[in-house]
Amino acid sequence: MTDKRSKYDTDPLDPDFVRRTDEMRGETGRAARDAGEPYPQPIAGDPTRRFDEQMSDTYPSVFVPPAYQPPQQQPPPQPQPQQQSQPYSTFGAEPHQPPATTGAPMPGPSSPYHAGEGPSSRPVTNLGIPENFANALPYAPFYIGLVVSIIELLIVPRHETRTRFHAAQGLALQFAILAGTVIFGLIQAITGSRLGGNIFWLASFIFLLVSGIRVLQGKPHHIAPLDDATRALNERVNPLK
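The sequence shown stops at residue 241 when you use our numbering, and every number in between is there.
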């Protein structure tokens, strides 16, 4: 009795297994090749090269100098000399205006000095002494300036602005020195050391001396920390009529 076989039967012992498998896959057979015909080369493969063959597409060596001439370096351009400024501006025909030269700044908000104003030797009203001496006396040491400042504020009228300014500033400075002397006196009484008091006295003496010389020469002299005290003394102390 013959066995019933189906197309899915894959028994390897069947002698017709290979033939039926090829028929189901539909594989085409290769054409017969002659004995002297060489084997075909792969489509995407390159031909085999031998080591003794010279390759025409080899990369050049980095040690071989190039055949072309390298570009020559251009020398840097020489700086052009600057042209002198012309006395006339390029806009319009008006002459070039030089920047305005400003004089010395104002010593402070309370100072009556003006830029470029030199010393004055005219007599001060109600004092009869030159203005430069009247302005410098409030900075005299040894409390002489303290007395002179009070006298000038009580005698000199308000239109003598510079003399009253230095009188008020000198009086404020004398009060500050007096307060510092009292403080260092208390420290000396507690500690018994006079070093701090002596240094303060020497510094105040030198400062008063330098201030008096500057004012005597007509130079603007403004002490910024005493600005408020100077303004208050000048406004509150009215001259006697």
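Treat the hints with care, since some could be wrong.
As the list claims (entries may be wrong) - Here are the in silico distance ranges between beta carbons for each label pair:
(1) Arg122 - Val182: 19 to 25 angstroms
(2) Arg214 - Gly128: 22 to 28 angstroms
(3) Leu178 - Arg158: 39 to 45 angstroms
(4) Ala203 - Pro123: 49 to 55 angstroms
Unchecked claim - Straight-line distance between alpha carbons at most 20 angstroms, and here's what the computed SDA-like set of lysine to any residue pairs gives:
(5) Lys219 - Ile151
(6) Lys241 - Asn132
(7) Lys219 - Ile206
(8) Lys241 - Asn126
(9) Lys241 - Val148
(10) Lys241 - Ser121
(11) Lys241 - Thr125
(12) Lys241 - Leu127
(13) Lys219 - Asn126
(14) Lys219 - Leu209
None of these hints come from the bench; they were simulated from the model.
Note that the coordinates shown come from a computational prediction; the quantities given were computed from them, not determined experimentally.
Backbone N, C-alpha and C define an ideal beta-carbon position, used for all residues, glycine too.
Hint consistency between Lys219 and Ile151 [alpha-carbon to alpha-carbon, up to 20 angstroms]:
violated (23 angstroms)
Within 39 to 45 angstroms: is that where the Cβ-Cβ distance between Leu178 and Arg158 falls?
For Leu178 and Arg158 the Cβ distance comes to about 26 angstroms; the hint is violated.
For Ala203 and Pro123, compare the CB-CB distance with the range 49 to 55 angstroms and indicate the outcome.
violated (34 angstroms)
20 angstroms limit on alpha-carbon distance, applied to hinted pair Lys219 and Asn126:
Since the Cα atoms of Lys219 and Asn126 sit roughly 24 angstroms apart, the hinted pair is violated (cutoff 20 angstroms).
Starting from Lys241, check that the Cα of Asn126 is at most 20 angstroms away, please.
Given pair Lys241, Asn126 holds - Cα atoms ~11 angstroms apart, limit 20 angstroms.
Pair hint Lys241 and Asn132, alpha-carbon separation not exceeding 20 angstroms:
It is violated: about 24 angstroms lies between the C-alpha atoms, which goes past 20 angstroms.
Next pair to validate is Lys241 with Leu127; report whether the Cα-Cα distance is within 20 angstroms.
Satisfied, since the Cα-Cα distance of roughly 14 angstroms is no more than 20 angstroms.
Given hint Ser121 paired with Lys241 - CA-CA distance at most 20 angstroms
violated (25 angstroms)
Need the status of pair Lys219, Ile206: alpha-carbon distance at most 20 angstroms?
holds (17 angstroms)
Next pair to validate is Lys241 with Thr125; report whether the Cα-Cα distance is within 20 angstroms.
Answer holds: Lys241 to Thr125 is near 13 angstroms, not above 20 angstroms.
Check whether the Cα positions of Lys241 and Val148 lie no farther apart than 20 angstroms.
holds (18 angstroms)
Is 19 to 25 angstroms right for how far apart the beta carbons of Arg122 and Val182 are?
About 39 angstroms separates the Cβ atoms of Arg122 and Val182, which means 19 to 25 angstroms is violated.
The structure fails to meet hints 1, 3, 4, 5, 6, 10 and 13 from the earlier list, while all remaining hints are met.
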